[in-house]
Amino acid sequence: MVIECKHVWDHISGYLDDSLSPETQELIQRHLEHCEICSAILDSTRNILVLTADDRVFELPVGFSDRLHARLAREIAGASGDPFKVSAD
Amino acid sequence: MKNVAPSVRDEEQIIASILSGDTEQYHDLIRPYEHSVYRIALSLMKNESDAEDVAQEAFLKAFRNLAAFLGRAKFSTWLISITLNEARGRLRRQSLARMESLDQTPEEGGQVLPALLRDWREVPSEALERKEIREMLREAIVGLSPIYREVVMLREVEELSVEETATALSISVASVKTRLHRARIMLQKTLAPQLKTANPKKRWFQWS
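Protein sequence lines, in the order shown, are assigned to chains D and H. For the first sequence, numbering that gives the first Met the number 0 gives the first residue as 0, with consecutive numbering after it. For the second sequence, numbering that gives the first Met the number 0 gives the first residue as 0, with consecutive numbering after it.
One or more of the hints may lead you astray.
[To be verified] With a straight-line Cα cutoff of 27 Å, these simulated DSSO-like cross-link-like pairs (lysine-lysine) come out: (1) H:Lys130 x D:Lys5; (2) H:Lys45 x H:Lys130; (3) H:Lys188 x H:Lys73; (4) H:Lys195 x D:Lys5; (5) H:Lys176 x H:Lys45; (6) D:Lys5 x H:Lys188.
The set of hints was computed from the structure by calculation and includes no laboratory data.
Can you make the complete structure from the sequences, with help from the hints?
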């Protein structure tokens, strides 16, 4: 059975997560072996997701942690008595 | 979560000590999650100052409601839910004027088509040393509509499993998969042509 490019594109995400059925996986694999366009789409998607996940994309602003812990310290110090009392069940 | 977090068991013990009065330990409990909470807030709020406010509020709310966290989910998943709620609430208040739909918009129909390329030269992670590449990626993520942005942040950036993503967003596993697929193709469509242009062969040579 031959699968068309546009059907391969429907399975890119599943292919990357390795969550396709063995039959579909095999079908896509065989298509990729001879289709340079689908191979490039798959490679670029995988590459882009790796870059997206990098810590450097969304960096913490300078001083973020200090400001956060200072605020938490005020909250914790201000929480007198039983701060965790749940008002109702 | 990518940062080294204590085991679930250690975390439960820390939470128990905090609840029994050793509140100072809250600082240590949340340290591994600072970056994650901020990133999620930033991806929704789109500007650093709002994102920082949301992140701080989320950590404060988590502290105040710690007794309600009964170990039903992982602490990180619970924290993410609080962050998402905080960000959504704030966006909803801000957006009344802007008319941007922030509630769960229905899934858009039709197939999302990728950018067609004939070859792809790997963009190495060193490329992220370049400010323009980082901005390109941020803008592509932030440019997604909220339902897609959320799954990308949780699944790709925070590396939650499909199931954990579904729990944090209170949607089905099937919805996570559908949204994730569409979001990934959208990112490829936007970013592949841009990165291809920004990735000339010679520039990488000097860095290798």
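Against the structure, the hints:
The suggested pairing of H:Lys130 with D:Lys5 is violated, with an alpha-carbon distance near 34 Å, which exceeds 27 Å. This hinted pair checks out: H:Lys45 and H:Lys130 have alpha carbons roughly 17 Å apart, not beyond 27 Å. Of the supplied pair hints, the one linking H:Lys188 and H:Lys73 is violated, its CA atoms being roughly 34 Å apart against a limit of 27 Å. The hinted pair formed by H:Lys195 and D:Lys5 meets the criterion: a straight-line CA distance of about 22 Å does not exceed 27 Å.
Pair hint H:Lys176 plus H:Lys45 holds up; C-alpha atoms about 24 Å apart against a cutoff of 27 Å. The hinted pair formed by D:Lys5 and H:Lys188 meets the criterion: a straight-line CA distance of about 14 Å does not exceed 27 Å.
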